[in-house]
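Undergrad: So the chains spell out like this:
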Amino acid sequence: MSATANLAPMAPGTDEATVTPLVRLANVQKSFGAVKVLDGVSFEVERGEVAVIIGQSGSGKSTALRCIDALEKFEQGTIHVCGHAVHDKDLDRRALRRDVGIVFQSYNLFPHLTVEQNIMLAPTCVKSMRKAEARELARTALARVGLADKATQYPEQLSGGQQQRVAIARSLAMMPKVMLFDEVTSALDPQLTAEVLKVMEGLARDGMTMILVTHEMGFARKVASKIIYMYRGKVWESGPASMLDQPQTKELSMFVGTGLK
Amino acid sequence: MGYHFDFAALLPYWRDFAMGILLTLQLSAVSTVLGFVLGTLCAIGRSDGTRLIRTSLAIYIEVIRNTPLLVQIFLVYFGIATLGIHVSANMAAVTALVVNVVAYTSEIMRAGLESIHKSQLEAADCLGLSRAQIYWHVILRPAIERVYPALTSQYVLLMLASSITSQISAEELTAVANRIQSDTFRSFETYIIVGILYILLSFVVRIAFWAFGQGLFVRRRKLGTPL
Ligand SMILES: Nc1ncnc2c1ncn2[C@@H]1O[C@H](COP(=O)(O)OP(=O)(O)OP(=O)(O)O)[C@@H](O)[C@H]1O
Ligand SMILES: [Mg+2]
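From first to last, the protein sequence lines are chains A and B.
Going by this note's numbering, the first sequence opens with residue 1, and the numbers climb by one from there.
Going by this note's numbering, the second sequence opens with residue 1001, and the numbers climb by one from there.
The set of hints was computed from the structure by calculation and includes no laboratory data.
Check before you lean on any hint, since a few could be wrong.
[What the hints assert, rightly or not] EDC-like, lysine to aspartate or glutamate: derived pairs with alpha carbons at most 16 Å apart: (1) A/K89 <-> A/E72; (2) A/K222 <-> A/D206; (3) A/K226 <-> A/D189; (4) B/K1118 <-> A/E72; (5) A/K222 <-> A/D189; (6) B/K1222 <-> A/E156; (7) A/K226 <-> A/E72; (8) A/K73 <-> A/D88; (9) A/K73 <-> B/E1122.
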């Protein structure tokens, strides 16, 4: 099997533990001190779906995403991801992380490692992959984000957009079943944003299951199979991308209005 | 000022000086390696250990940093003897130097570890790396790189401080000098020579650290930029 084929998302039904939906949040509640940040959040994401979470600053989008990857504890509710019960005290976090990739606004590349070493690290450490094989995989992942020629450079030698694409490649190399993206273009200027969005569009086209938080409404319309509008810690409205054109609530209609300005 | 310098009187002792230098280098090298490894582990323990570990380490570090090295050396030397264990003066010297330098290394390395942004750990954690793997692959090297100048100074200081172990008759350079000056009555000359030798030794330590750094910090070697 070629490395390219390895990077392709898993075909439906190949893993019995991961019954659809791939990600399910049910009544998730989370507070930071006295502030209720998630107030009964529920949504589902099916295999191959691209779910886009939108909403005002502070509405809990990042927190929801972080709960899915067990980066935040939550007090109530359940989250199932690829067969892992994230709310369970006995959650095997490392097993969860094998199935979930996450990319942040700040790329968080390891500055002392080359681009290629950044990507090779997890496959060699977590999957005990041999160096040569991991390097091959890194090259494939880099080609996929259009950076095949940057393998031996260091992160600081790359533009923000390129660094973000490396971060995506680094996640992809672990062949996750779900990818989470938290405002991955917010720190980039429009041209670099376009580069990164193009990569993400490619992933969507290839059938990768994705949940992403973004303020790029045009992009959301284009790739989303489902939009989740969050307001004050709740899923206020959700539905297909077309819901942005006929908002049911005045909050979303105001949000879309300001978003189009 | 009618002092008449006579360095020639020291010439017959060149072999003793050489042996002294050798032992000083050996004491320093062994305590540097042990001190660095254990000091780093202490730093990790202090930031990541259980409350008991963190408290114990904090007490140990404060005790060491607030007592004279000479007293520590005597405590180790006589302490070990009191326990009924027979060790050579050199062994006691290394032990004392390690006990001392571990505390300082721990403080320096802690600053290094703390300089690594939390988001780096989170990224590694999200990729599925274990705690140990995160330390080894993600934190340690940049942490060392950030505090490398401080570490280098500390270990030059350690080499110089090893002269105090002459007090428990470890036959390092200063002990050799003490003996030679009492044999020759050429104290001033002897300590001038020894001073110069220590300067050269400091240079050797700095070069060793520089070379090690070149090997460890590949990115800096290639790009020349600070981390
Ligand atoms: N670690 C934390 N400690 C305390 N409060 C926090 C923490 N993280 C987030 N919050 C608070 O939780 C609320 C939701 O934050 P969150 O980051 O999820 O919002 P968001 O929808 O992602 O916003 P943005 O669009 O600005 O990224 C905010 O009011 C924020 O101040
Ligand atoms: Mg956010």
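Undergrad: Next step is simple, just say for each hint if it's right about the structure.
TA: Tested hints:
Between A/K89 and A/E72, the direct Cα distance comes to roughly 13 Å. Compliance with the 16 Å bound is thereby established for this hinted pair. For a cut-off of 16 Å, the pair hint linking A/K222 to A/D206 stands: about 15 Å separates their Cα positions. Of the supplied pair hints, the one linking A/K226 and A/D189 is violated, its CA atoms being roughly 26 Å apart against a limit of 16 Å. This hinted pair checks out: B/K1118 and A/E72 have alpha carbons roughly 14 Å apart, not beyond 16 Å.
Taken as a hint, the A/K222 and A/D189 pair is broken in the structure, with Cα atoms around 20 Å apart against an allowance of 16 Å. In summary, the hint linking B/K1222 to A/E156 is supported, as the alpha carbons are separated by about 12 Å, within the 16 Å threshold. With a CA separation close to 24 Å, the supplied pair A/K226 and A/E72 exceeds the 16 Å bound. Distance check on the hinted pair: A/K73 and A/D88 sit about 10 Å apart at the alpha-carbon level, within 16 Å; holds.
Proposed proximity of A/K73 and B/E1122 is supported: the alpha carbons are some 14 Å apart, at most 16 Å.
This entry does not satisfy hints 3, 5, 7, going by the numbered hints stated previously.
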